[in-house]
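2 protein chains.
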Amino acid sequence: MPGNKQILLVERPDEALLTSHFQTRDGQMPEVQIGEVLVRSILLSLDAANRAWMQGATYRDAVNAGEVMAGGTIAEVVESRADGFKPGDLVMAETGWQEFASVPAGKVHRLPDYRPLSNLLSVLGVAGKTAYHGLIEVGQPKAGETVVVSAAAGSVGSYVGPIAKALGCRAVGIAGGPEKCEWLVDELGFDAAVDYKSPDFFRELKAACPDGIDIYFDNTGGAILEANLFQMNMKGRIVCCGAVSQYNTSELSSPRGLPGLVVVKRLRMEGFIVSDFAAKDAEAEKQMLAWAATGKIKVIEDILDGLESAPQGLVGLLAGENRGKRMVRVAPDPA
Amino acid sequence: MPGNKQILLVERPDEALLTSHFQTRDGQMPEVQIGEVLVRSILLSLDAANRAWMQGATYRDAVNAGEVMAGGTIAEVVESRADGFKPGDLVMAETGWQEFASVPAGKVHRLPDYRPLSNLLSVLGVAGKTAYHGLIEVGQPKAGETVVVSAAAGSVGSYVGPIAKALGCRAVGIAGGPEKCEWLVDELGFDAAVDYKSPDFFRELKAACPDGIDIYFDNTGGAILEANLFQMNMKGRIVCCGAVSQYNTSELSSPRGLPGLVVVKRLRMEGFIVSDFAAKDAEAEKQMLAWAATGKIKVIEDILDGLESAPQGLVGLLAGENRGKRMVRVAPDPA
Chain Z
0 MPGNKQILLV ERPDEALLTS HFQTRDGQMP EVQIGEVLVR SILLSLDAAN RAWMQGATYR
60 DAVNAGEVMA GGTIAEVVES RADGFKPGDL VMAETGWQEF ASVPAGKVHR LPDYRPLSNL
120 LSVLGVAGKT AYHGLIEVGQ PKAGETVVVS AAAGSVGSYV GPIAKALGCR AVGIAGGPEK
180 CEWLVDELGF DAAVDYKSPD FFRELKAACP DGIDIYFDNT GGAILEANLF QMNMKGRIVC
240 CGAVSQYNTS ELSSPRGLPG LVVVKRLRME GFIVSDFAAK DAEAEKQMLA WAATGKIKVI
300 EDILDGLESA PQGLVGLLAG ENRGKRMVRV APDPA
Chain C
0 MPGNKQILLV ERPDEALLTS HFQTRDGQMP EVQIGEVLVR SILLSLDAAN RAWMQGATYR
60 DAVNAGEVMA GGTIAEVVES RADGFKPGDL VMAETGWQEF ASVPAGKVHR LPDYRPLSNL
120 LSVLGVAGKT AYHGLIEVGQ PKAGETVVVS AAAGSVGSYV GPIAKALGCR AVGIAGGPEK
180 CEWLVDELGF DAAVDYKSPD FFRELKAACP DGIDIYFDNT GGAILEANLF QMNMKGRIVC
240 CGAVSQYNTS ELSSPRGLPG LVVVKRLRME GFIVSDFAAK DAEAEKQMLA WAATGKIKVI
300 EDILDGLESA PQGLVGLLAG ENRGKRMVRV APDPA
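Residue numbers (numbering that gives the first Met the number 0), protein chains in the order written: chain Z, 0 to 334; chain C, 0 to 334.
Keep in mind the hints are simulated off the structure, nothing from the lab. Certain hints may be false.
Dumping the calculated DSS-like pairs for lysine-lysine here, alpha-carbon to alpha-carbon at most 25 Å [stated by the list, open to error]:
hint	chain 1	residue 1	chain 2	residue 2
1	C	K196	C	K179
2	C	K106	Z	K106
3	C	K234	Z	K279
4	C	K106	C	K4
5	C	K234	Z	K234
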């Protein structure tokens with residue numbers, strides 16, 4: 000009987016997440032109950048939200064110390080005790096950070112037969128759809144408007160800019176460091192990029208947005224949100240997608256100027272999660288593939304090798320070291 | 000030739016507004032230029048926003064030291080050098096705090112022949128329409144939802160609660176002091192009222208909203224907004240109408256938990272001003288009159304006598320001493 004490599008969260012971090020908060024162990028193969036499917040993880044998604052889950056209940060239960068770290072994977076059914084699934088089926092499942100998991104059939108989602116599988120986590124996955132639905136449904140962009148996105152080189156941000164461009168907007172990215180900023184403009188086609196680590200960040204953002212900011216797609220919160228708030232145009236929209244600047248800390252800090260600027264500028268700040276717009280997922284997938292085919296968007300993936308690379312992969316993601324969608328290859332594509 | 004009593008803002012306050020920031024003088028009658036109308040002020044509107052104008056440019060220019068204090072009045076045309084206006088016409092005009100003003104005809108708005116005139120500042124004025132449009136268009140209430148409003152005894156808040164009730168919602172008011180809270184329930188028909196000065200405010204708000212908060216109509220910002228933010232239901236809406244807790248200070252303080260709570264709870268925070276919904280003003284007026292006729296809303300007015308009562312009237316309003324719409328009678332109704 001094969002083992003089941005697992006990574007546990009052994010301590011909930013108060014401040015910065017460290018690899019020492021995790022521990023690898025050889026766990027037991029799970030027993031498959033009636034109504035469940037046993038799956039083998041193939042590709043594990045790493046997301047800033049993983050860190051937010053450690054802070055408490057969000058749209059899902061908190062992750063607690065001593066548990067297998069939570070996470071979603073593309074997985075293959077290896078044994079089924081549920082109607083409608085058979086070995087070899089490809090699914091998306093909340094397996095956590097482990098090689099094998101037994102999951103209630105009602106909680107797994109069948110995946111289309113699409114290759115490479117990694118695209119189902121990036122351009123056709125939560126990353127791409129979060130960018131698409133967030134910008135289009137929440138942001139409601141009009142051609143000619145200026146769209147700013149933070150964490151612009153990340154899994155979601157790297158699609159927000161190109162989608163904004165495809166819709167006729169000016170796209171401005173915010174990222175850490177001149178090299179990443181250059182990459183945003185040269186490789187992803189952003190009109191401009193601004194380094195939030197620059198001491199002149201506020202003025203550089205202003206220079207990059209000569210007509211002000213109509214939509215700010217916020218992945219960071221904190222000081223970057225504040226800089227945008229003060230530069231929003233009347234009737235601007237702030238798409239509240241994430242707050243990665245706030246995840247590695249126990250403080251609840253807020254940008255200054257709220258709610259005053261929302262009142263005076265008649266702004267709309269709105270949070271969402273991707274499943275709010277599930278009814279439009281098919282439209283999103285079709286449009287994203289069409290844009291990818293014509294080069295309007297680029298599919299950027301950052302694939303780490305082996306389950307044991309997950310802890311450092313998440314720590315690094317929170318420090319902004321990834322470009323595009325980061326994931327971990329736990330097992331080869333069985334196809 | 001008659002004089003023109005004026006009240007100047009002689010100093011822009013950094014912190015709390017005091018009556019010593021104002022000075023009364025006998026000014027000159029203005030000269031009427033071509034295209035202007037000379038008007039006599041009848042009823043001067045006092046609003047928390049008057050204080051915000053002293054902080055800098057908002058939806059209008061800032062009010063500067065040495066200028067006649069800005070404000071809107073119901074006024075009577077006494078001389079016209081503009082087509083379409085004649086002496087005796089009743090208008091709404093940005094006269095400022097003075098007995099007479101000469102105003103470009105394009106900037107005055109003709110008023111309907113309605114009595115008492117004071118209703119045109121309260122139930123049929125900006126106060127009533129701000130409550131109506133803000134709650135209905137921005138808040139989008141559904142029957143059965145819980146609506147909380149701060150500054151609930153004020154000009155706008157005193158309509159928000161009763162409108163929420165008329166729409167089948169649970170209405171909870173936040174005000175300062177047990178007496179005002181009692182009045183909200185007994186006189187205005189709120190389901191519950193909570194005293195923000197109570198040391199147990201957070202828990203009392205929770206007890207008043209057993210099903211959580213679906214819509215928070217925010218007139219205050221600050222700590223009251225924060226208490227609501229933490230108790231909002233998923234997909235809740237925060238109608239950002241004003242931030243009176245922030246006006247009498249030079250600090251830009253924000254409630255904690257932003258944008259994290261907006262993301263996690265998928266909230267919408269949206270600012271507006273009443274003129275954003277001018278196209279629906281006629282509908283608002285008709286509905287408000289119908290509700291007033293059947294007693295569903297009560298028209299609460301707080302009318303001070305004489306222009307010289309304006310400084311103390313505004314200082315007191317910012318301290319929350321008014322109930323319903325506060326205004327100053329500068330001259331008797333000419334009818």
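*Which numbered hints does this structure break?*
Checked against the structure, the only hint that fails is number 2, while the rest are satisfied.
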